[in-house]
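Kindly generate the complete structure, drawing on both the sequences and the hints.
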Amino acid sequence: GQQLNQSPQSMFIQEGEDVSMNCTSSSIFNTWLWYKQEPGEGPVLLIALYKAGELTSNGRLTAQFGITRKDSFLNISASIPSDVGIYFCAGRYNMLTFGGGTRLMVKP
Amino acid sequence: SQTIHQWPATLVQPVGSPLSLECTVEGTSNPNLYWYRQAAGRGLQLLFYSVGIGQISSEVPQNLSASRPQDRQFILSSKKLLLSDSGFYLCAWSETGTRETQYFGPGTRLLVL
Chain A
687 GQQLNQSPQS MFIQEGEDVS MNCTSSSIFN TWLWYKQEPG EGPVLLIALY
737 KAGELTSNGR LTAQFGITRK DSFLNISASI PSDVGIYFCA GRYNMLTFGG
787 GTRLMVKP
Chain B
2 SQTIHQWPAT LVQPVGSPLS LECTVEGTSN PNLYWYRQAA GRGLQLLFYS
52 VGIGQISSEV PQNLSASRPQ DRQFILSSKK LLLSDSGFYL CAWSETGTRE
102 TQYFGPGTRL LVL
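So the sequences go chain by chain: A and B.
Residue numbers for the first sequence follow our numbering, so the first one is 687 and each next one is one higher.
Residue numbers for the second sequence follow our numbering, so the first one is 2 and each next one is one higher.
Derived by calculation from the structure, the hints in this document are not laboratory data.
Hints may be right or wrong, so weigh each one.
[To be verified] Derived Cβ-Cβ restraints for the label pairs, each shown as a range: (1) ASN761(A) - PRO15(B): 27 to 35 Å; (2) LEU741(A) - GLY98(B): 17 to 25 Å; (3) LEU112(B) - ASN761(A): 35 to 43 Å; (4) LEU731(A) - ARG43(B): 14 to 22 Å; (5) SER2(B) - TYR736(A): 14 to 22 Å; (6) SER693(A) - SER21(B): 23 to 31 Å.
[Claimed, not checked] Reference listing, derived: stretches of chain A covered by chain B, where coverage requires no fewer than 3 residues with Cβ under 8 Å from a Cβ of chain B: (7) 729-739; (8) 751-763; (9) 775-788.
The C-beta atom is built at its ideal place from N, Cα and C for all residues, glycine as well.
Listed below in structure tokens is the structure:
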């Protein structure tokens with residue numbers, strides 16, 4: 687089946703720094719989604735991407751659907767403590783496939 | 002607007018006991034429904050999905066089963082829980098169509114002792 691490689695697995699950064707994470711696959715996808723999950727809660731949708739090359743922002747978050755349709759990245763600018771959580775990418779061709787997550791820790 | 006509910010929020014059950022987790026969606030009709038399991042600090046594993054009442058597809062063989070008795074109700078069950086069934090269970094819904102974004106419920110944390 688399709689697999690997504692999400693990196694990095696974890697990040698420990700200083701408040702105010704920018705963050706970048708990405709997902710890659712050997713398969714193509716029609717949709718890329720980025721979710722954030724806080725401890726004990728369900729994942730919350732951050733950004734949805736539906737077209738190759740699409741670049742979409744949501745506040746300090748920016749995500750792009752790779753032109754090859756095999757990758758996507760998420761950037762967070764000027765991180766703050768409440769950005770802490772696990773970020774998941776998900777790609778969909780027929781079914782949704784999730785990456786392993788990037789655990790983000792922000793030091794005030 | 003659409004909302005998704007799960008209960009209970011937390012459950013502690015002995016090995017060998019039955020299980021019933023419930024998920025309901027409001028504000029939409031004929032949604033696709035999904036059950037995922039998440040081990041601690043890990044990604045999401047799709048267990049079941051349903052495109053309509055009484056229609057259940059299983060992604061992995063396991064000790065669990067799912068049912069959809071009503072359009073917006075999805076139930077995850079087990080007759081006899083195993084220690085390995087412990088985890089965080091997430092229900093999700095999506096609208097049918099080409100842009101099938103999934104939205105998650107708050108989750109149920111299950112601890113089997």
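Exercise for review: State the violated hints by number, sorted upward, taking the hints as numbered earlier in the document.
Suggested key: 1, 6, 8
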